[in-house]
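J.: Sequence:
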Amino acid sequence: MRNILAILRRDLGAYFTSPIGYIFMMVFVTITVGLYITSFFAFPTADMRPYFDNIQLVLCIFIPAVTMRVWAEERKENTWEMLLTFPMKASELVLGKFLAALAKFCVTLVTTFTIPAMLFSLGDPDPGAIFSGYLGTLFLGAFFLALGIFFSGFFKDQIVAFVVTLMACFMLFLLGTTFIASYVDDVVPGLGSMLSNVLGVFSHYSAVTRGVIELGDVLFFVVWTAVFLWLNMMYIDGRNRPKAKMIFGGAVGLCIAIGLMFNYLVLQRSIGRFDMTEDKLFTVSE
1 MRNILAILRR
11 DLGAYFTSPI
21 GYIFMMVFVT
31 ITVGLYITSF
41 FAFPTADMRP
51 YFDNIQLVLC
61 IFIPAVTMRV
71 WAEERKENTW
81 EMLLTFPMKA
91 SELVLGKFLA
101 ALAKFCVTLV
111 TTFTIPAMLF
121 SLGDPDPGAI
131 FSGYLGTLFL
141 GAFFLALGIF
151 FSGFFKDQIV
161 AFVVTLMACF
171 MLFLLGTTFI
181 ASYVDDVVPG
191 LGSMLSNVLG
201 VFSHYSAVTR
211 GVIELGDVLF
221 FVVWTAVFLW
231 LNMMYIDGRN
241 RPKAKMIFGG
251 AVGLCIAIGL
261 MFNYLVLQRS
271 IGRFDMTEDK
281 LFTVSE
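The working numbering numbers the first residue of the sequence shown as 1 and each following residue consecutively.
Incorrect hints may appear among the rest.
What the hints assert, rightly or not - Simulated pairs of lysine-lysine, DSSO-like, Cα-Cα distance not exceeding 27 Å: (1) Lys89 to Lys104; (2) Lys156 to Lys89; (3) Lys104 to Lys156.
Calculated directly from the structure, the hints in this document are not laboratory data.
From just these sequences and the hints, can you work out the full model?
T.: Here it is as structure tokens:
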């Protein structure tokens, strides 16, 4: 645990000792809050769902900007090998870097407190729905962070890591949209709906931001976050071993297959459901 905290402090300090971290926060808050305020003045309703609907697309762009430097910068500045000579396990290095990126993301989310503060001063918003929306955003951000850190380990160039992660995030976002799912269903009946449930983040995220926390949706984000973190650990730990690429390729295929199967089985049934809305809007009354 001490090693994880050491890496966390090192990387978190790097985020906030350079102007890039502050620029990221300012641009992120300006875009997300600005988009919401624009729609709020057009339709003044004490509801944050439009904000959470917009932020998922913004995260597809901003999360890769955070993760592109996690491993790529270490390799570019030749500190990769030095870092790996420390008496630390690969799991401690990966978890430390992931938690540092997650902490930065949480701090960035906290800076958007002006929106709920404004809504509570002007009207009577639903606190349960707002809490659920922020929780869903945290799950989505953690998933994209794990995905971005995974891809960052393959490249020395930060721009390449950014573009690859950006494409992966957009692909997962589009797979969950009704438009893409319907189009794929027209070509192969049932395939689009299955991919939307198993891989698409939109349907799982929108359910949580609506105010309904379904354990199946939570497990979707938790499982895939854990899968990509574990694959990152495995890649770093076995980078110089004989037949490392072949073993890692097999592990990637196996983990993705297990993750897909697990999500497919879990999403077929309701494990647990919590309606966080104030008036239990999504619960059938007695």
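J.: Are the Cα positions of Lys156 and Lys89 separated by 27 Å at most?
T.: Satisfied, since the Cα-Cα distance of roughly 22 Å is no more than 27 Å.
J.: Between Lys89 and Lys104, is the straight-line Cα distance small enough, at 27 Å or below?
T.: Roughly 23 Å separates the two Cα atoms, so the pair holds.
J.: Given the hinted pair Lys104 and Lys156, is their alpha-carbon gap at most 27 Å?
T.: holds (23 Å)
In summary, the structure agrees with every hint in the numbered list given earlier.
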